[in-house]
Amino acid sequence: MALRAQTGPYFGEFGGRFVPESLVAALDELSEAYALAKLDPAFGDELADLGRTYTGRPSIITEVPRFAEHAGGARVILKREDLNHTGSHKINNVLGQALLTKRIGKQRVIAETGAGQHGVATATAAALFGLDCTIYMGEVDTERQALNVARMRLLGAEVVAVKTGSRTLKDAINDAMRDWVTNVETTNYIFGTVAGPHPFPEMVRDFQKIIGEEAREQVLDLTGALPTAVAACVGGGSNAIGIFHAFLDDADVALYGFEAGGEGVETPRHAATISKGRPGVLHGARSYLLQDEDGQTIESHSISAGLDYPGVGPEHSWLAALGRATYRAVTDDAAMQALRLLTRTEGIIPAIESAHALAGAIELGTELGRDATILVNLSGRGDKDMDTAARYFGLYDGGER
Amino acid sequence: MRNVGSVIAGRNEEAAGALIGYLPVGFPTLDESVEAAVALVENGVDVLELGLPYSDPVMDGTVIQAATQQALANGFRLAHGFEAVRRVTERVDAPVLLMTYWNPVVQYGVDRFADDLAAAGGAGLITPDLIPDEAADWIAASERTGLDRVFLAAPTSTDARLRKTIDASRGFVYAVSTMGITGARSDVDRAARTLVGRLREAGSPASCVGVGISTAAQVAEVLEYAEGAIVGSALVKALADGGVDAVGALAAELARGTVRQ
Chain A
1 MALRAQTGPY FGEFGGRFVP ESLVAALDEL SEAYALAKLD PAFGDELADL GRTYTGRPSI
61 ITEVPRFAEH AGGARVILKR EDLNHTGSHK INNVLGQALL TKRIGKQRVI AETGAGQHGV
121 ATATAAALFG LDCTIYMGEV DTERQALNVA RMRLLGAEVV AVKTGSRTLK DAINDAMRDW
181 VTNVETTNYI FGTVAGPHPF PEMVRDFQKI IGEEAREQVL DLTGALPTAV AACVGGGSNA
241 IGIFHAFLDD ADVALYGFEA GGEGVETPRH AATISKGRPG VLHGARSYLL QDEDGQTIES
301 HSISAGLDYP GVGPEHSWLA ALGRATYRAV TDDAAMQALR LLTRTEGIIP AIESAHALAG
361 AIELGTELGR DATILVNLSG RGDKDMDTAA RYFGLYDGGE R
Chain B
1 MRNVGSVIAG RNEEAAGALI GYLPVGFPTL DESVEAAVAL VENGVDVLEL GLPYSDPVMD
61 GTVIQAATQQ ALANGFRLAH GFEAVRRVTE RVDAPVLLMT YWNPVVQYGV DRFADDLAAA
121 GGAGLITPDL IPDEAADWIA ASERTGLDRV FLAAPTSTDA RLRKTIDASR GFVYAVSTMG
181 ITGARSDVDR AARTLVGRLR EAGSPASCVG VGISTAAQVA EVLEYAEGAI VGSALVKALA
241 DGGVDAVGAL AAELARGTVR Q
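The listed protein sequences derive, respectively, from chains A and B. Each step along the first sequence adds one to the number in the UniProt record's numbering, with nothing skipped, and position 85 is 85. Each step along the second sequence adds one to the number in the UniProt record's numbering, with nothing skipped, and position 63 is 63.
Hints were generated in silico from the structure; no laboratory data involved. As the structure is a prediction and not an experimental result, all values here were calculated from the model. Every residue, glycine too, gets a C-beta built ideally from N, C-alpha and C. Careful, some of the hints might be misleading.
For each label pair, taking beta carbons as the anchor points, the in silico distance ranges come out as [as the list claims (entries may be wrong)]: (1) A/T7 to B/E14: 52 to 62 Å; (2) B/A160 to A/A35: 14 to 24 Å; (3) B/R91 to A/T7: 46 to 56 Å; (4) B/V259 to A/D292: 44 to 54 Å; (5) A/E46 to B/A240: 44 to 54 Å; (6) B/E224 to A/G44: 48 to 58 Å; (7) B/G243 to A/G394: 48 to 58 Å; (8) A/G44 to B/A79: 47 to 57 Å; (9) B/D115 to A/R370: 52 to 62 Å; (10) A/L226 to B/R144: 48 to 58 Å; (11) A/G105 to B/P205: 47 to 57 Å; (12) B/R144 to A/G56: 53 to 63 Å; (13) A/L226 to B/G109: 41 to 51 Å; (14) A/G56 to B/R190: 28 to 38 Å.
Where chain B lies over chain A, by a calculated footprint (3+ residues, C-beta under 8 Å) [to be verified]: (15) 273 to 285; (16) 294 to 300.
Just chain B, with the same shape it has in the complex (with noise of 0.2 Å):
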């Protein structure tokens, strides 16, 4: 399996950049979340954020919140994300990392999850609620198993956080576009633009840029500037109203906004 780094550098060379696509584990079944998140990388998603749904989530808007309530409804165990991981790097060779709340990996065992994930041929994690200055644990576990860490960046982020979190992030940084929670907006934010400027300028080798994404035209637009577009929300809600079939075709037009112009 190829990792994260080098995937979007070689998406940002043949076409316009890398197309990254969220979806929750276990949502609506286990079964059908790992058959959504194949569809996502055969209709041409570079690479695979699958989260761990959690009971807190502070950062998800309504629509991930009602995706990740179902699935613990519906009996969602820590281990299903172990096996959602394995069974869809056995079936498609995008990298594919966990997007989860911190406080699972403290229950699980920081260095018992990193393995355990990496076993499972995962390729990392991103960290919504983890900022670098309380994750030395994680940044120990992952520097011994060769895990990719993402870390967030946002527009209110100082100069010397920017840095503080390129260094502390491999794969990419993750730069929230706009202040917002998770949910499409109508307009990507003019924010990301500058956040991404910024990141660039203080070292980042890719910056990705998620919250609001939920057309190619917006796919596009984020990839003038940021090494990869991230999509959540619009993706959740084409799985929830029309199943694997629909999420398929959702992503299929979102990766037309990584053609090159």
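Only chain A is shown next, with the shape it has when bound in the complex (with noise of 0.2 Å):
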């Protein structure tokens, strides 16, 4: 079977549905929907009418040779995500799992969120529909992306402060899920990424797919033939799956996914999570996470919010089982350079999520050379990052603020 034509629950031994019963109506009431969603043209249309009029798709793509010299001279050209409405990826699966809201008739919205992204392009779509919105975010993570609750707020969600835990995207996923269990009959979950309970992983995975199919024509036609590698960053892995799964039968294309390695992999801080962590159950699927010898989860690190999860979405798991894609770790500080290196020989600021796949197609292009194209999906913008880039270059008027 083609491997793009891989569906939940279960992905090999990883995927499934690990929840409470009292989410099985609620879960079971949205895989209905989404697979009488996906058989009505209707609904195809528009999803697609709202990402040419809203989002702004397709996507470019950018060749950036600038950039490209310190990468070994290989060919890199990068997926423009960060142009989208709102600032990422995330709108894509927003989009339409806010129409399916509206299909299965609740009113009320809530999602978590790491670095904001997920949780703005939530708030925004409430928004756009009228819909209710609350938001869960880790407390640590509402204190370095300050400007994301803001424009939560402003765009009318509650954003909730979650204080339990790690107060990151982990402890914020959970609240979520309380939420849910309480408030079911109301309340859909706008989950953020390609892990959690079937139908999840399958169904944010085909509102992503897009950035892929997208891609792959605009390279073949740019170039007049496939990349080499693909590269992206893995957090959960919703843009990584978004721009693999259009090259997963082409045998011939490397996929690479760089997960978040903090401070190193060597130490304890960082959210490498296939990299370091083994197969276990957390949030609902079977999938690689970050645990103790007790199955209790350890806590990540990343100085990017949005990677900052010791989880990782089951179809990834699988891919690395089958050993066609290739899982590796890049630094807070590898990152932050490439963040600096985009924007100094480019113009363009990536988010330091996104910088995770530009310091990792620095080390694909120096290992693959000049033959190689190397297409890197660009999955968010830096503005939100500003702080943080501030801070760690030295930016603010009287060095470290």
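Join the two chains into one complex using the hints; note that each chain is given alone, in its own frame.
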């Protein structure tokens, strides 16, 4: 079977629905609504129309030769999801799930967010469709992404700062799930990544796979060939699966996911789930996760809030197990250096998340050499990260503020 | 040690039904959690649920989350769960179920977990984030070891899912009484009465209602229609506020609700 044809609930030994019984009816309802929507041309048309007239699809590709000089001279081509409305790939998925929410007939949506990009996208869709919206965000993340908190509130969403556990993305998911268990009859959970219980990994992938479908054609048009390698950052893995999916059955195209290596995978402070974790069950799915001997989740670390997650989507675990995709780690510092390099050489300020993929592309280009073409998913823009970058590079007057 | 099903059946013959009490292992310390569990039984609790603290407890409300986070911060290890079961069952003869999220069992090894729980004198497992659809390993291990399996039923469960849950369960079916997560509610939800009625119609021999019970009057109200009443957050709060004596006193008060009216 073609790898592209794989659907949930299981991706090999990964995936499933490890959830409280209280959520099963809602997951069944969502699965059924999604299955019907997939068969209904009107749904696809409406989503494509929103993509064209609201998100700004198709997003362009940009070749970055001055940056590529630092990547072994390989051709480097960026897929510009940073140019989407709301500033990242997250809007692709959110519009799909918001349309489904309307079909199901629920009036309230909830979502978790790490960097705030999924929260902003969800709050945006809620404003567009007139839905009530509550966003759960770890308290640590509300502090390092204060600008996105303000954006969500301006859009009319309630932002709940989650104070339990590590006070980051995983705890925001726990609280969003608790909200869903409590309010399941009125509320739809717009999940932000390709993790979680079925149908989320499959459904979110389907809403994101347009990234790779567009990019595959665009690269063919530009270069006359498929890329040598495709690179993306991986937290939960939605932008990575989005750009990988169209290439899964192109055996000659190498797929690389770059996880957050934090302060180094030899230290305890990283979020390199596939590189350093082992299979287990978290947030409704069996997949790789960072955990101790007893199965307690280990707190992850990354300078990038959007990658600071100790789990990963089950389809990535499956692709890693099959050897179809390769997962490596990129440190905080390597990502920050790549962020500055792209900014200085090309005038494009990437999100710190996406900078992990850029650092990975530098590494790949050096390995693959001048004949290689590397397609990088530039999943988000860096506006939200200015404070982190300014502190990191001492850009405020008086040096480190 | 008597099994869960027979204890619940017995209490429904001699009283209004069974009182099931939850406490987390290792809160506030391992020793005190053992003493508190013994105190529950000595004050009229019929079946014990000992919770294994877990880093991501999506079905627990704030009181239990705070207690289990403290237990983890104090160095709780899975081995303490088996130790607690052994120490409690050596002193009292109420059946002891462990309540655990699924990943710790997976990491320990499902068969090894079942063997060690049975060896410690445990009666079985309550699995809040494991539905029968995903439970093939656990069903096989519990068949082999004779351990009880308690799965959850929700007001939103379809009739077909209720039948599946009843078929997969042994001991009792855990009926979630409100749509919410654990935490004391001023009223036990009407939905519980409907759910237990549906479970009985679908063939459940024993349904116990949890989530939201904190007074003897609520225990009595639940036992009008269910075979057992499950109390968690209220006991944890009593233990946190007043120690072993307080949790024993609350258990004695709650047990008054099991007296046949």
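How the hints compare with the structure:
1. A/T7 to B/E14: 52 to 62 Å: For B/E14 against A/T7, whose Cβ atoms are near 53 Å apart, the range 52 to 62 Å holds.
2. B/A160 to A/A35: 14 to 24 Å: With Cβ atoms ~18 Å apart, the hint holds.
3. B/R91 to A/T7: 46 to 56 Å: Holds - the Cβ-Cβ distance for B/R91 and A/T7, about 52 Å, lies within 46 to 56 Å.
4. B/V259 to A/D292: 44 to 54 Å: Because 46 Å falls inside the window, the suggested range holds.
5. A/E46 to B/A240: 44 to 54 Å: 52 Å, holds
6. B/E224 to A/G44: 48 to 58 Å: 52 Å, holds
7. B/G243 to A/G394: 48 to 58 Å: Since the Cβ atoms of B/G243 and A/G394 sit about 53 Å apart, the hinted range of 48 to 58 Å holds.
8. A/G44 to B/A79: 47 to 57 Å: Taking Cβ atoms as reference, A/G44 and B/A79 lie about 53 Å apart, which means the hint holds.
9. B/D115 to A/R370: 52 to 62 Å: 59 Å, holds
10. A/L226 to B/R144: 48 to 58 Å: 52 Å, holds
11. A/G105 to B/P205: 47 to 57 Å: With Cβ atoms ~37 Å apart, the hint is violated.
12. B/R144 to A/G56: 53 to 63 Å: About 58 Å separates the Cβ atoms of B/R144 and A/G56, which means 53 to 63 Å holds.
13. A/L226 to B/G109: 41 to 51 Å: Given a distance of about 44 Å, which is inside 41 to 51 Å, the answer is holds.
14. A/G56 to B/R190: 28 to 38 Å: Given about 49 Å between the Cβ atoms, the range is violated.
15. 273 to 285: holds (count 5)
16. 294 to 300: holds (count 4)
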